[in-house]
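The primary structure of each chain is shown beneath.
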Amino acid sequence: MKRRTFLKTIAATAPLVAVSTPTLLSAKATPKSPNAMDLKTALKAITGGKAVTDSDKIKLVVPEIAENGAVVPVKIHVTHPMEANNYVKTIHVFATQNVNVRCADVHLTPANGKGYFATRVKLAKSQDVMALVELSDGTFIKTQKPVKVTIGGCG
Amino acid sequence: MGKAIVKIKPKKYKVGDIVKVDFIAIHPMETGMRKDKKSGKIIPAKYIEDVEFFYNGKLFTKMDIWESTSTNPYLSVNLKITEPGEVKVTYKDNTGETGEKAKKIKPKAA
Chain A
1 MKRRTFLKTI
11 AATAPLVAVS
21 TPTLLSAKAT
31 PKSPNAMDLK
41 TALKAITGGK
51 AVTDSDKIKL
61 VVPEIAENGA
71 VVPVKIHVTH
81 PMEANNYVKT
91 IHVFATQNVN
101 VRCADVHLTP
111 ANGKGYFATR
121 VKLAKSQDVM
131 ALVELSDGTF
141 IKTQKPVKVT
151 IGGCG
Chain B
1 MGKAIVKIKP
11 KKYKVGDIVK
21 VDFIAIHPME
31 TGMRKDKKSG
41 KIIPAKYIED
51 VEFFYNGKLF
61 TKMDIWESTS
71 TNPYLSVNLK
81 ITEPGEVKVT
91 YKDNTGETGE
101 KAKKIKPKAA
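Taken in sequence, the protein lines are chains A and B. The first sequence begins at 1 in the numbering used here and counts up by one. The second sequence begins at 1 in the numbering used here and counts up by one.
Bound-form chain A, shown alone (with noise of 0.2 Å):
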């Protein structure tokens, strides 16, 4: 009896208690990832806490409208130098509404010769995608964009 109550309450409550707890939730709720992380969690854990700033040189290509969420193209482009003490870091890409965010997270050398990357993303519904980029001397740059989905792309 106890039980029951306290998974509804649970059940009431996913949203805040769904990263926390997952264990308690995967018996009766909806499947819920092992690796369920939200957009707040991630940036604490990749930047520390340190300052974030929305910057244009970080150039994001998405589409407006996604006819398929499953399979969402993503290019970005930081307007930035890669020699040996001055480059693009990493770039890390967010679908920021999804269970879990991380889509991938991309470290770069001077090798590279310029600070791209693209790929393909599923987004479970409309929301803002967003590339946080590191630079190699520790600061942190990030846009975003909004991409509407029409299918969702999580099956």
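Among the hints, erroneous ones may be present.
To be verified - Pairs of lysine to aspartate or glutamate residues, derived as DMTMM-like cross-links and limited to a Cα-Cα distance of at most 25 Å, are as follows:
id: 1; chain 1: A; residue 1: 57; chain 2: B; residue 2: 64
id: 2; chain 1: B; residue 1: 14; chain 2: B; residue 2: 36
id: 3; chain 1: B; residue 1: 106; chain 2: B; residue 2: 22
id: 4; chain 1: B; residue 1: 14; chain 2: A; residue 2: 54
id: 5; chain 1: A; residue 1: 40; chain 2: B; residue 2: 83
id: 6; chain 1: B; residue 1: 3; chain 2: B; residue 2: 97
What the hints assert, rightly or not - Label-pair restraints from in silico Cβ distances:
id: 7; chain 1: B; residue 1: 52; chain 2: A; residue 2: 68; range: 25 to 35 Å
id: 8; chain 1: A; residue 1: 83; chain 2: B; residue 2: 37; range: 50 to 60 Å
id: 9; chain 1: B; residue 1: 34; chain 2: A; residue 2: 126; range: 14 to 24 Å
id: 10; chain 1: A; residue 1: 79; chain 2: B; residue 2: 64; range: 37 to 47 Å
id: 11; chain 1: A; residue 1: 68; chain 2: B; residue 2: 5; range: 42 to 52 Å
id: 12; chain 1: B; residue 1: 109; chain 2: A; residue 2: 97; range: 43 to 53 Å
Claimed, not checked - Example chain B residues on the side facing chain A (calculated, C-beta under 7 Å, incomplete):
id: 13; residue: 13
id: 14; residue: 15
id: 15; residue: 18
id: 16; residue: 60
id: 17; residue: 69
By construction, these hints were calculated from the structure, which means they are not laboratory data. Using N, Cα and C, we set each Cβ at its ideal position, and we do this for glycine too.
Got chain A sorted already, so can you dock chain B onto it with the hints?
Just chain B now, with coordinates in the frame of chain A:
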């Protein structure tokens, strides 16, 4: 593990050029959140986690990939051409399966 493809674009390049290295792996990228329609059971998560790009044995790009990346993942980065040789991409998924694919680098005479 399924097939993988490495493409260098453009096809003709010389030393000093920056080319695009396109990598595509044939892989389901299962999130672990989908249910099999017939059995009702959850399809276990199976997705590529680590991808490494090497140029003549030297690591030039390393990626951590997550299940929000699409099925048959397409991953593309740039590479500055400095010498002839080979680009090799190795990958591993969360179940421990690995694969690799190489492509020769043949710069045209300047």
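So, going through the hints one by one against the coordinates:
no., hint, result
1, A:57 / B:64, "23 Å, holds"
2, B:14 / B:36, "50 Å, violated"
3, B:106 / B:22, "16 Å, holds"
4, B:14 / A:54, "36 Å, violated"
5, A:40 / B:83, "43 Å, violated"
6, B:3 / B:97, "12 Å, holds"
7, B:52 / A:68: 25 to 35 Å, "29 Å, holds"
8, A:83 / B:37: 50 to 60 Å, "52 Å, holds"
9, B:34 / A:126: 14 to 24 Å, "20 Å, holds"
10, A:79 / B:64: 37 to 47 Å, "24 Å, violated"
11, A:68 / B:5: 42 to 52 Å, "21 Å, violated"
12, B:109 / A:97: 43 to 53 Å, "51 Å, holds"
13, 13, "11 Å, violated"
14, 15, "12 Å, violated"
15, 18, "4 Å, holds"
16, 60, "4 Å, holds"
17, 69, "5 Å, holds"
Against the hints set out earlier in the document, violations occur for numbers 2, 4, 5, 10, 11, 13, 14.
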